[in-house]
Structures are given as C-alpha cells and as structure tokens.
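A.B. asks: Chain residues, written in single-letter form:
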Amino acid sequence: MIFAEKIKYLSYDDLAKLEYGRLLWKSARGKSLLLNHWLHFEHPHRERFMEFQPIVERVLSADPKNDEYLDQELEKEGWSLRTALREIPPIIGRIPFR
Amino acid sequence: MPRKELKEPRQVEQWLATWGQILHAQNKTGELILIGSAALLWHAHQNNITTGLSENSMDADPITNDECVAELGYAAGIGSEFEAINGWHINLMPQQTLSEFHPEWKSHQSTKQYGTLKVRVPCVVHLLLPKIKRGEPRDMRHYQWVRNVGLLDGVSPETLSLLDEAISRQSVSEKSE
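First to last, the sequence lines map onto chains A and B.
For the first sequence, my numbering begins at 1 and goes up steadily by one.
For the second sequence, my numbering begins at 1001 and goes up steadily by one.
Hint data in this document are derived by calculation from the structure and do not stem from the laboratory.
In this text, a Cβ means the ideal position worked out from N, Cα and C, and glycines have one as well.
Treat the hints with care, since some could be wrong.
What the hints assert, rightly or not - Label-pair restraints from in silico Cβ distances:
1. 28(A) with 1113(B): 22 to 32 Å
2. 1079(B) with 27(A): 35 to 45 Å
3. 1156(B) with 13(A): 31 to 41 Å
4. 1049(B) with 78(A): 47 to 57 Å
5. 1095(B) with 54(A): 35 to 45 Å
6. 50(A) with 1081(B): 21 to 31 Å
7. 1158(B) with 13(A): 33 to 43 Å
8. 3(A) with 1100(B): 17 to 27 Å
Stated by the list, open to error - Distance condition first, Cα-Cα at most 20 Å in a straight line; then the derived PhoX-like pairs of lysine-lysine:
9. 1112(B) with 26(A)
10. 31(A) with 1028(B)
11. 1133(B) with 1028(B)
12. 6(A) with 76(A)
13. 26(A) with 65(A)
14. 1028(B) with 1112(B)
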C-alpha cells in the first residue's frame, strides 16, 4: 500500500497523538512534560512505554516531511509508522500535565 | 465516563478568556482554530445569544500549531482538573481535520484576541457543513439549534445554498442506505 493510502487510515486520535507529541517534543520543556507524564508511576502504560521508548522517541523526533521514508525504514524492522505511533501513550487527565 | 456539560455560549467565552490570561501571564503568545459545537457556541456568544445547545457537548475541539496552547490542551483532557471544574474537556484535533472544511473557510473566518491568545473560528455555515455531511443525529440537532437561535439570519442566500446542497446530499445518502 502506498504511504498516502496508509495515512488515510489513521484515525484523528492517532494523528493528534503524533502531531501534538511532535509539537511538544521539539522543546526541552515539552519533552520533559511528556516524559514526566508517561513515566509517572500512576500512568497505566508506563511499563509498555519504557519497553518501546526508543521507537516512540524516534517517531516523535522525526521530521514529518520524511514520514514516508521513516515508514519504509520502520517496515524493515517489522514496524510501520502506524504501529509505532500506537506506542505513543495517551495523556491521562488525572495525572497532572505540568 | 467523560462529563457532558458544555452547553452555554458563555462557557466557551470564559474558557478562551482564561487561556488568554494564562498565556499573557506566561509572556507567551498562541493561536488556535476552534471548530465543532464549541465554535457554534462561540458564534452564539458573539451574537449575544444565550440559549444553550439543544444537546450538551462533552468537549471543545481546538487545533493549534503552538506548543504553549497544546500544553494547555493536554492539561485539560478527560479526567483532568479542568474537566472536574468545568464539566467538559479539551480535545486537541489534528490539522487534518481542516481538510473537511470548505476550501474558502479562511476567507470567511472570524478572529478574536483573548489576552495573547488569538482565536480563529470558521463561519457558522462552514462549521455546519462537515456536521451535516456526517449526518449523525447529534450533528443534525446542532444544525437545528443554529437555525432556531437565528445564527443563520443575515447569511447570504449564496452561502445558505451550500447548506441546502449539503442537506440534500445527506438525504440522498440516507435514502440509498
């Protein structure tokens, strides 16, 4: 499936996680806020995030203009952009985001 | 279960004013585009309409490219203190959402400054078009609410015809199902 077709199947929730994750990841403060949140002892996905943290960081650090290339590279490793971004944990409201 | 208490036009105005004050206090500037039922409520408030939505909403849907606004949005999601206080939450939407809008929505948008927060809102008709296209009962009830409170008064016949066409397409699509 060509990349443009694959992207069409991403839900708005998935797209929002990717977009806003990347937006915040650009700054030291934003990155710190996200990591503190996802590594918080009460975050239900903490353990899973720790397991897949390198791939999450790779996706968040990537330039969106290169997403097609990233998707191809990830496929060589048994992933895809779609499956990798699913490992970006959600933001849990009851854990303060600050 | 998310709470569903976004109903009154003033609630959206109060929220935006608060965010504007917060950003101003932080010495930051930001911008967001507001869509969905919260945007319809925004228009209602700008037109001094106080009638609440016919069906409450559980969230407001802003879109932003600014980290400071995204940070506020992430702190106001489901289960947050923001939701506990306000009875509804913020749901950050991706830029892709705007591809559902009329290509000329920017030419007809409204803007308003709240402190150092600039808010852009598509016009009522452009907000309604994706809702009518979805055709879900809640979206159609919001369309009826817009008509009932007079938010389409004064809209040009040419612009209104966009709604008529959308309704007509929606009816055809319903019948074919």
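A.B. asks: Given a hinted range of 17 to 27 Å, is it respected by the beta-carbon distance of residue 3(A) and residue 1100(B)?
C.D. replies: At 21 Å between Cβs, range holds.
A.B. asks: Given a hint of 35 to 45 Å, does the C-beta separation of residue 1095(B) and residue 54(A) actually sit inside it?
C.D. replies: violated (27 Å)
A.B. asks: Between residue 1079(B) and residue 27(A), is the Cβ distance one that fits in 35 to 45 Å?
C.D. replies: violated (25 Å)
A.B. asks: Would you mind confirming whether the straight-line C-alpha gap from residue 31(A) to residue 1028(B) stays at or under 20 Å?
C.D. replies: Since the Cα atoms of residue 31(A) and residue 1028(B) sit roughly 18 Å apart, the hinted pair holds (cutoff 20 Å).
A.B. asks: Verify the proposed pairing of residue 6(A) with residue 76(A), using a straight-line Cα cut of 20 Å.
C.D. replies: Holds - the C-alpha atoms of residue 76(A) and residue 6(A) are around 16 Å apart, at most 20 Å.
A.B. asks: Residue 1028(B) and residue 1112(B): Cα distance at most 20 Å?
C.D. replies: holds (17 Å)
A.B. asks: Holds or violated: 31 to 41 Å for the Cβ distance of residue 1156(B) and residue 13(A)?
C.D. replies: Because 36 Å falls inside the window, the suggested range holds.
A.B. asks: Can you tell me whether the CB distance of residue 1049(B) to residue 78(A) sits inside 47 to 57 Å?
C.D. replies: Given about 55 Å between the Cβ atoms, the range holds.
A.B. asks: Should the hint that residue 1158(B) and residue 13(A) are 33 to 43 Å apart at their CB atoms be regarded as holding?
C.D. replies: At roughly 36 Å between Cβ atoms, residue 13(A) and residue 1158(B) fall inside 33 to 43 Å, so the hint holds.
A.B. asks: Could you see if the CB distance from residue 50(A) to residue 1081(B) stays within 21 to 31 Å?
C.D. replies: holds (26 Å)
A.B. asks: Hinted pair, alpha-carbon criterion (20 Å max): residue 26(A), residue 65(A). Please report holds or violated.
C.D. replies: holds (15 Å)
A.B. asks: Is the distance from the Cβ of residue 28(A) to the Cβ of residue 1113(B) consistent with 22 to 32 Å?
C.D. replies: holds (29 Å)
Violated hints for the displayed structure, listed by number in ascending order: 2, 5, 9 and 11.
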